[in-house]
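Trainee: Dock chain B against chain A, hints included.
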Amino acid sequence: MSTVAADDHHDHVESPYSIKRWLFTTNHKDIGTLYLWFSLIMFFIGGFMALIIRTELFEPGMQFVDPQFFNSMTTMHAIIMVFGVVMPAFTGLANWLIPMMVGATDMALPRMNNWSFWILPFAFTMMLSTLFMDGGGPAGGWTLYPPLTLQTGDALPFVILSIHFMGLSSIMGAINVIATVLNMRAPGMTLMKMPLFVWTWLITAYLLIAVMPVLAGGVTMLLTDKFFGTSFFNAAGGGDPVLFQHIFWFFGHPEVYILILPSFGVISSIVPTFARKPLFGYASMVYATGSIAFLSFIVWAHHMFTVGMPLAGQLFFMFATMLIAVPTGVKVFNWIATMWRGAMTFETPMLFALGFIVMFSIGGFSGLMLALAPVDFQYHDTYFVVAHFHYVLVPGSIFAIVASVYYWLPKWCGNMYSEGLGKLHFWLSTIFVNITFFPMHFVGLAGMPRRIPDYALQFSDFNALATIGAFGFGFSQLIFLYVVIKAIRGGEKATSQVWENAEGLEWTLSSPPPYHSFTTPPVIK
Amino acid sequence: MAQAETSYYVPHGSHWPIIGSVAVCTLMVGFANYLNGVSWGTPTMMVGLAILLFMLFGWFGTVIRENEAGAYNEQVDLSFRWGMFWFIFSEVMFFAAFFGALFYARQYSIPWLSGEGSGVATNTFLWSGFEGSWPHAANGPENIGGDYKPMPAWGLPAINTAILLTSGATLTWAHHALKANHRAQLIIGLFLTVALGAIFMVLQGVEYVEAYQHLGLTLGSGIYGTTFFMLTGFHGMHVTIGAIILAVILFRCIAGHFTPDRHFGFEGAAWYWHFVDVVWLGLFIFVYWL
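These protein sequence lines are chains A and B, in that order. If you read the first sequence in the numbering used here, its first letter stands for residue 2, the second for the next number, and so on. If you read the second sequence in the numbering used here, its first letter stands for residue 7, the second for the next number, and so on.
Read the hints as simulated data drawn from the structure, not as lab findings. Don't take every hint at face value.
Capping the alpha-carbon separation at 20 Å, the derived lysine to any residue pairs in SDA-like fashion look like this [claimed, not checked]: (1) A/Lys424 to A/Val499; (2) A/Lys21 to B/Leu41; (3) A/Lys227 to B/Trp65.
What the simulated footprint calls covered on chain B by chain A, stretch by stretch (three residues with Cβ under 8 Å from a Cβ of chain A suffice, anywhere in the stretch; the number is not a length) [stated by the list, open to error]: (4) 14–23; (5) 106–119; (6) 139–152; (7) 279–293.
Cβ atoms here follow ideal geometry from the backbone N, Cα and C, with glycine treated the same way.
Just chain A, same shape as in the assembly (with noise of 0.2 Å):
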């Protein structure tokens, strides 16, 4: 026995200035910090990146970066959004949440976890170092499709591997959430008592299993047509570049729910914190998510309705992703009826919470406008798309993401952050990505394609103006940067419970919290 460190050493905490602290820790909340530092960092990157595009489309003709560094930009744009952004960003949310709601001392895997995170440094290094390459970064698009991608140069198996070592860490990820939920609930907390973020996150993390590998097997595939002769999407010898797509929208559709689940507990949080009410349909909530996450499974081919399906095929496609508003208008109606005569204030999370609300709403009704095959046939590859997926991804599941740091924010770092400053955030935040996205849809209808660094004069009034709010956008986030450090450095005192009416197991614990959380397991009633 007395070779195995027994836990109750714990106490002893390195110096957050310890390097060592950081690389080797296997304690959820340091490893969620670290997951959220990076999210933040890579942010900024692909936000960047954002604004590289955008200063391009300012006004038409090409101005001031060719044409293949945009669509890099485009493309390496898209995946440090997806991949190094919101899905690190949330895994870091349910590591510094997950036990503590579900009233466990860390995650179910600790070693894992460092290893989930510290993973993908190195792969978006990897990732970011392709842009020095060769013939450039990868410029086919974020979905990759074949032939046009495997026409990258050196950059292609530099992507594709750190493609694999991101799905790892995704993977890993999602294992431990199954096995901390599953496993590390405090006694009586029973599943259909876990809050509705312990939910939505345990369906994420069965979406994440299901999917991540079969992007593996997909790009694999890319890596041996490129390099081994093989011929999975060459239809001379027999294959089909069709095959590329239906596998990578069997993973991609998944995929954006997984960018917006754990949005949807972020918010089912907050809305009855602040409506000081509890949550409204409770049960639905839970079954409508799970109803959302099987949807995703059968309707991937409404990404690809102008790719030349049978009849048949688009009608089930359609139908189906139809049928997903259903679960999603329960859910919007459930939040709407929980501040249903409710004693509100609008605090800043609150003020992140309704606009994700209402926004995302804007984004889901765009979606089913897309999901029509007659009308997608007009709307595909425009910047009607682009508006769409916007404006469930940014206003949707950024928005989602910076409600919950204002919220839990006092309960990390024991400070109030400044309520002004928070406001002021989301009100710039709110106007100005309206002002960058709403646009958008007027130049997709109109005919604007994607990924294009030129455009047809007749666009250039609101593309002129997309850019402007870009730059709004992109500049009023510094406020949220620094709203963030100077809470974590010093301010008024957070008391345990933190929000008046906050229920859960994280507010019984002190602000900022024990480095272990429930050492040992709370009651539960």
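Mentor: For chain B alone, coordinates are given in the frame of chain A:
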């Protein structure tokens, strides 16, 4: 094994994960450079592989030592079970992608290229005269890789099926022995399983040589060769990994590890082996036989 701990074991900081990241990153950078034709690619890969092996020895060694010292209670055991189960599920989904490609090629791309259904125009204008069929003319309208003969199911593949199914039985026999605390039978059963796995791999090698030298069937033989070698190749890789895992378990059994009621290391390896077995059945039916 000492008495079980009561509280959930949370390890102190560990340096193995970061070493693992360095290892995999070195391996990948080396491999990518090798693919790009850079001379230092292969040596870099070797270095990465060496670090990876060092990490695997170190990490698993630590876990085995902690386990033998009794640091893990029932709850930790259950975390390992969930972890292994969902890891295997992720592997199933990886194979699903390749089986999906196989079914797609057989059901859609070959018939469409041959002019079936909506493929009439494709066939008439692009690949006029192509009549593909699975498995004999499935290397596409341009006869990529040249003429080939498909691999018959009822030769070596059938023998391999019998070998792998038998290895599943010997493994279960060993498991029963472990539960009944018959250590000799346990070790014999495990040894037989590993040996059958090794024989399987040798026969797979013989089959590949046969394919390349006598059947004209290569990885480059259009979609038939592609799916044949990618599916059987990834499966063979998993058999190799599974056999190595079982060999480690065998050495641990010889060293006296595991008790009749606490032996998840053994069970996890057995789950993995059965998974590899089931994938093979899918391969035998859909790649070789039908």
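Trainee: Compare the structure with the hints numbered earlier in the document and write down the numbers of the violated ones, lowest to highest.
Mentor: Hints 2, 3, 7 not satisfied by this model.
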